[in-house]
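There are 2 protein chains.
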Amino acid sequence: MLNMDDKIKIFKALGNETRFKIFKNIFTGGYACSIDEKQPKDDMIAQATCVTSIAEHFDFALPTISRHLKELKDAKIITMTKSKNKIYIEPNIETMKEIAGCFNVLVEEYEKGVLFQFDNTK
Amino acid sequence: MLNMDDKIKIFKALGNETRFKIFKNIFTGGYACSIDEKQPKDDMIAQATCVTSIAEHFDFALPTISRHLKELKDAKIITMTKSKNKIYIEPNIETMKEIAGCFNVLVEEYEKGVLFQFDNTK
DNA sequence: AATAAATTTAGCTAATAAGCTAAATAGATT
DNA sequence: AATCTATTTAGCTTATTAGCTAAATTTATT
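If you read the protein sequences in the order shown, they are chains E and B.
If you're matching positions, the first sequence starts at 24 in our numbering and goes up one per residue.
If you're matching positions, the second sequence starts at 24 in our numbering and goes up one per residue.
Mixed in with the good hints there might be a few duds.
Unchecked claim - Dumping the calculated SDA-like pairs for lysine to any residue here, alpha-carbon to alpha-carbon at most 20 angstroms:
| id | chain 1 | residue 1 | chain 2 | residue 2 |
| --- | --- | --- | --- | --- |
| 1 | E | 120 | B | 124 |
| 2 | E | 99 | B | 125 |
| 3 | E | 47 | E | 79 |
| 4 | E | 135 | B | 118 |
| 5 | E | 35 | B | 29 |
| 6 | E | 47 | B | 134 |
| 7 | B | 99 | E | 134 |
| 8 | B | 47 | E | 131 |
| 9 | E | 44 | E | 133 |
| 10 | E | 44 | E | 80 |
| 11 | E | 44 | B | 29 |
| 12 | E | 99 | B | 43 |
| 13 | E | 135 | B | 117 |
| 14 | B | 93 | E | 39 |
| 15 | B | 96 | E | 133 |
| 16 | E | 47 | B | 94 |
| 17 | E | 47 | E | 80 |
| 18 | E | 93 | E | 80 |
| 19 | E | 93 | E | 82 |
| 20 | E | 35 | B | 39 |
| 21 | E | 32 | B | 94 |
| 22 | B | 32 | B | 116 |
Everything labelled a hint here was simulated from the structure, so no lab data went into it.
Sequences and hints are given; from them, build the entire structure.
The structure is reproduced here in structure tokens:
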């Protein structure tokens, strides 16, 4: 369950152009890591990628992308799993489900509330 | 339809503690404006409130809250409608529906994708 | 016409964030 | 053991953001 600070951290992480693009690409694109292509691991899903392969798609220095990824990880938007000398990056779909749920509830509750008020004011 | 910049603006707006609390309160609480209580308008729903009445619930100076509200408005999270010398503030539920839709699609598409890959890797 | 209420604008300061390069660390390969 | 690959840490600069007070603007009330 996400508390308020968790949610704020998630929104802050997504409220930056570079991180949003990284997020979007990890969730919808998924770059294969060069080493994965040589030695695919069947316990890794295809989206799993590494810091360098993500950074290649951006015009920023590697440490900059590394720090953005850390922020996405700290917000639980992605997971970063060390395996040998590489970091495998995957979408954290549980967090997305929770956020989706928050907005769905917000819309549902709001519509309930509006109907209630319409009844009240008439 | 929200484009990428719109979405980033929305997340940036919600990624700040003060704005998140204002957002939360406008959507779930709804403070009545002192003047509304004296002269209720039947074309305004109960959540409609004004800058001062929102600011009363925060320990920040009025101009600070005013600027935060402007940012929520610019992100289309709330609407601000001038009526006489006051601003009526209401949730913009359409934007919330769109954001909810984005996360719902993300989760759905991801799960489709994962299933596809499982089929592929086996 | 003067005052009061609601809100914004302007201009300032301090904190935070985003970028960089250089150096450090950890593991793999030769 | 030396080198290469992947990544992070440190330390720096610049830009942005969040807060403030004071002043301006707009409309309502007396």
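Against the structure, the hints:
{"no.": "1", "hint": "120/E to 124/B", "verdict": "holds (12 angstroms)"}
{"no.": "2", "hint": "99/E to 125/B", "verdict": "holds (18 angstroms)"}
{"no.": "3", "hint": "47/E to 79/E", "verdict": "holds (15 angstroms)"}
{"no.": "4", "hint": "135/E to 118/B", "verdict": "holds (17 angstroms)"}
{"no.": "5", "hint": "35/E to 29/B", "verdict": "holds (14 angstroms)"}
{"no.": "6", "hint": "47/E to 134/B", "verdict": "holds (15 angstroms)"}
{"no.": "7", "hint": "99/B to 134/E", "verdict": "holds (18 angstroms)"}
{"no.": "8", "hint": "47/B to 131/E", "verdict": "holds (15 angstroms)"}
{"no.": "9", "hint": "44/E to 133/E", "verdict": "violated (30 angstroms)"}
{"no.": "10", "hint": "44/E to 80/E", "verdict": "holds (10 angstroms)"}
{"no.": "11", "hint": "44/E to 29/B", "verdict": "holds (13 angstroms)"}
{"no.": "12", "hint": "99/E to 43/B", "verdict": "holds (19 angstroms)"}
{"no.": "13", "hint": "135/E to 117/B", "verdict": "holds (15 angstroms)"}
{"no.": "14", "hint": "93/B to 39/E", "verdict": "holds (19 angstroms)"}
{"no.": "15", "hint": "96/B to 133/E", "verdict": "holds (18 angstroms)"}
{"no.": "16", "hint": "47/E to 94/B", "verdict": "violated (24 angstroms)"}
{"no.": "17", "hint": "47/E to 80/E", "verdict": "holds (12 angstroms)"}
{"no.": "18", "hint": "93/E to 80/E", "verdict": "holds (17 angstroms)"}
{"no.": "19", "hint": "93/E to 82/E", "verdict": "holds (18 angstroms)"}
{"no.": "20", "hint": "35/E to 39/B", "verdict": "holds (7 angstroms)"}
{"no.": "21", "hint": "32/E to 94/B", "verdict": "holds (18 angstroms)"}
{"no.": "22", "hint": "32/B to 116/B", "verdict": "holds (16 angstroms)"}
In this structure, the hints that do not hold are numbers 9, 16, in rising order.
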